[in-house]
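Once you've looked at the hints, dock chain P against the given chain H.
Going down the list, the protein sequences come from chains H and P.
The numbers in my numbering rise by one with no breaks, and the one at position 223 of the first sequence is 223.
The numbers in my numbering rise by one with no breaks, and the one at position 156 of the second sequence is 156.
Note that these hints are calculated values from the structure, not bench results.
Relax, there's no trap hidden among the hints.
Computed spacing ranges between beta-carbons, pair by pair: (1) H:D63 - P:T123: 40 to 46 Å; (2) H:D112 - P:P197: 40 to 46 Å; (3) P:V116 - H:D166: 22 to 28 Å.
Where a beta carbon is used, it is the ideal one built from N, C-alpha and C, also for glycine.
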Amino acid sequence: MASKGNTATIVFALVVTTLSAALLAAAATLLKPAQDENILKEKQQNILSLVGLNGPDDYKKFDALVQSIVIDQDGQIIPGAEAISLDLALEKKISTKDPKYKVRYPMYVYKDPKGRTTYLLQTAGTGLWGPIWGYLALDEDGNTLRSAIFDHKGETPGLGAEINTDAFENQFINKKVLNDQGQFVSVKVEKGKHDASMPHAVDAISGGTITSNGVSKMLEEDLASYLKYIRQQAPQTSPL
Amino acid sequence: MSEVAVQNPVEKKPLIGKKERKLITDPLSDNNPVTIQVLGICSALAVTTQMKPTMVMALSVTAVVALSNFVISLMRNAIPPRIRIIVQLTVVSVLVILVDQALKAYMYDISKQLSVFVGLIITNCIVMGRLEAYAMGNKPVPSLLDGLGNGFGYGFVILTVAFFRELLGSGKIFGFQVIPDAMYEAGYVNNGLMMIPAGALFVVACFIWVQRSLAKHLEEKE
Numbered sequence: 001m002a003s004k005g006n007t008a009t010i011v012f013a014l015v016v017t018t019l020s021a022a023l024l025a026a027a028a029t030l031l032k033p034a035q036d037e038n039i040l041k042e043k044q045q046n047i048l049s050l051v052g053l054n055g056p057d058d059y060k061k062f063d064a065l066v067q068s069i070v071i072d073q074d075g076q077i078i079p080g081a082e083a084i085s086l087d088l089a090l091e092k093k094i095s096t097k098d099p100k101y102k103v104r105y106p107m108y109v110y111k112d113p114k115g116r117t118t119y120l121l122q123t124a125g126t127g128l129w130g131p132i133w134g135y136l137a138l139d140e141d142g143n144t145l146r147s148a149i150f151d152h153k154g155e156t157p158g159l160g161a162e163i164n165t166d167a168f169e170n171q172f173i174n175k176k177v178l179n180d181q182g183q184f185v186s187v188k189v190e191k192g193k194h195d196a197s198m199p200h201a202v203d204a205i206s207g208g209t210i211t212s213n214g215v216s217k218m219l220e221e222d223l224a225s226y227l228k229y230i231r232q233q234a235p236q237t238s239p240l
Numbered sequence: 001m002s003e004v005a006v007q008n009p010v011e012k013k014p015l016i017g018k019k020e021r022k023l024i025t026d027p028l029s030d031n032n033p034v035t036i037q038v039l040g041i042c043s044a045l046a047v048t049t050q051m052k053p054t055m056v057m058a059l060s061v062t063a064v065v066a067l068s069n070f071v072i073s074l075m076r077n078a079i080p081p082r083i084r085i086i087v088q089l090t091v092v093s094v095l096v097i098l099v100d101q102a103l104k105a106y107m108y109d110i111s112k113q114l115s116v117f118v119g120l121i122i123t124n125c126i127v128m129g130r131l132e133a134y135a136m137g138n139k140p141v142p143s144l145l146d147g148l149g150n151g152f153g154y155g156f157v158i159l160t161v162a163f164f165r166e167l168l169g170s171g172k173i174f175g176f177q178v179i180p181d182a183m184y185e186a187g188y189v190n191n192g193l194m195m196i197p198a199g200a201l202f203v204v205a206c207f208i209w210v211q212r213s214l215a216k217h218l219e220e221k222e
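One chain only, chain H, in its complex shape (with noise of 0.2 Å):
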């Protein structure tokens, strides 16, 4: 190989990029419709096998199965809006910017066949390398969380990354996010062993503290606010 100018070495270097960067465009737009159909289609699945719905096919009846409502976080109904298609990371990103934007949350509202009313909600923090999120099934009680699903965009394998595995998301069936004056104290995720008769917290996982951490922050922010339109509902609900 014989040296070559400074010209030369610009001008195949400007091509070699250039050639890339429109080989990579092509592909991240073409790539882009199926990509997004398999994010959307992972949320419906999770949102309704949080009610027992693991029908390889039922995310195609989503909007049948469930009803889709938009709430800011001092509970009231947001007329119109999407709620399949809402960041909630984001919404709460531009929170932290602007304390004066009202973070919208979206929310399902499952009934069974015997007519009991299962909701539905999400949640989203930040672990200790980046983004974690989860989707929770709250009683019509508004108080006993009846099952929960957790992920994580990069946690620690072995540690954070724990957060999505059976052993952790069974621990919150049961729960209680109301203490016994039916004031909020949500679900912690703390040190040590915890049983049945501790209903506000569960076991942490050993060496993902920062992610056990921000799972116990990210319930605290979320569920306060969805509670705040819960709340509403519960006495038209009830049965007297």
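Here is chain P on its own, set in the frame of chain H:
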């Protein structure tokens, strides 16, 4: 890529001869990139808990090594020596991003399991190693074969590792349970060590041990 190919037409090669066949078979055993050259170990530890994602990882690495070898070999006489490493990296990155995007579009579940490790193929030493050691000095077709051979060599090792890790760690092969429930009822438990990266170190070490005992000529003379 096709534009480059037009500028530098591939030299016509006759049938795949003995030399070409050696390019494929050597990296499978005597010159294996993982167990002999000890390259690409990091991903061999990280992605091998289950066979299905491992298979996809092996195919992804093979595609990237083979195609980047081919493209770099086509350009080898035009690449200015002073920027050759960065040009190699650009080509590798483009291919890796394409693989990652395609996985996200068509194999979403697996792409989530592999997460960052697909992106990290860019830093897989096997890729850069083959570009520097082979593609920069050889014609496109042998370079493509060399890339395929090394990809298969890598894939063979990580699939073997994944086989033992999935079998011993979760009692499954390709996600299908192979250890009968009766065994678990009789007190058999899955080996938790196999589920963590340290388990892969043991399996890779055993692999190298077996390979070196079978092929004595690989041992360095004292």
